[in-house]
Amino acid sequence: MDETISIVLFSGTDDKLNAAAVLAAGAAALGRPVKIFLQYWALDAFRADRIESDHGLAPEAGEAGRAAVEAATKAGHARWTDNLRAAKELGEVDIQACSLSMEILKIKQEDLDPLVDGVAGVASFYINAGEGQILFI
Amino acid sequence: MSNLDIKVKVDASGLSCPMPILKAAQAIKSVQTGELVEIVATDPGSVKDFDAWARSTGNSLVEQDASAGKFRFVLRHK
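Chains A and B, in that order, give the protein sequences. All residue numbers for the first sequence refer to the numbering used here, where the first residue is 555 and numbers rise by one. All residue numbers for the second sequence refer to the numbering used here, where the first residue is 747 and numbers rise by one.
FYI, nobody ran anything at the bench for these hints, they're computed from the structure. Glycine included, each C-beta is placed from N, C-alpha and C at the ideal position. Accuracy of the hints is not assured; some may be wrong.
Claimed, not checked - BS3-like mimics (lysine-lysine), calculated; alpha carbons at most 30 Å apart, straight line:
id: 1; chain 1: B; residue 1: Lys755; chain 2: A; residue 2: Lys628
id: 2; chain 1: B; residue 1: Lys753; chain 2: B; residue 2: Lys775
id: 3; chain 1: A; residue 1: Lys570; chain 2: B; residue 2: Lys816
id: 4; chain 1: B; residue 1: Lys775; chain 2: B; residue 2: Lys816
Stated by the list, open to error - A few chain B positions that, by computed beta-carbon distances, are all more than 12 Å from chain A:
id: 5; residue: Asp751
id: 6; residue: Met765
id: 7; residue: Leu768
id: 8; residue: Ile774
id: 9; residue: Val786
id: 10; residue: Pro790
id: 11; residue: Val793
id: 12; residue: Arg801
id: 13; residue: Ser806
id: 14; residue: Ala812
id: 15; residue: Ser813
id: 16; residue: Ala814
id: 17; residue: Arg818
id: 18; residue: Val820
Given only the sequences and the hints, what does the whole structure look like? Please build it.
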């Protein structure tokens with residue numbers, strides 16, 4: 555069995571970014587390699603100058619959801635960037651930016667946070683995913 | 747409480763998923779084969795997480811108990 559977990563991270567709101575970060579961190583804790591492929595709005599959220607800013611929540615959050623997430627943040631719940639950094643320190647977590655999304659959003663590699671390891675195309679994503687599971691968020 | 751020879755103790759109280767299991771994995775990496783790590787967590791999800799983590803990684807869960815909303819796990823590095 556190929557234990558690699560590959561995550562296509564498309565969404566750029568803080569709730570979905572954190573859902574992906576938690577899945578990546580859990581897999582890293584289990585010793586499973588993790589490959590994250592950043593597309594569109596997720597890639598935009600990894601710009602170095604705005605990675606720590608508020609990226610909002612998915613539309614279904616509503617006001618009550620917003621309040622619940624804000625309360626959790628105040629209570630000291632880890633931010634998605636903290637979860638990803640901890641996952642990278644612990645295990646094998648590779649984060650690649652989709653080259654097409656880079657072009658569409660006019661992002662250069664030097665604009666991205668150091669959490670991002672490189673730029674890749676879709677073929678290399680599939681090759682690296684191997685026979686492992688692929689999640690889309 | 748038992749008289750186990752604990753090498754590293756980690757207090758993950760107040761931390762939510764996935765931090766308790768991440769900290770456990772970090773602590774286990776820091777000790778040698780056969781040595782013990784103790785983790786205390788308040789995240790109720792940690793009970794099933796530590797069980798699954800131990801079965802998957804081969805490190806053993808040698809002791810576990812719960813009291814007053816705190817979950818305590820003792821892990822042995824394989």
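Practice problem: Kindly indicate which numbered hints from before are broken by the structure, ordering the numbers from low to high. | Solution: Of the numbered hints, 6, 7, 8 and 12 do not hold.
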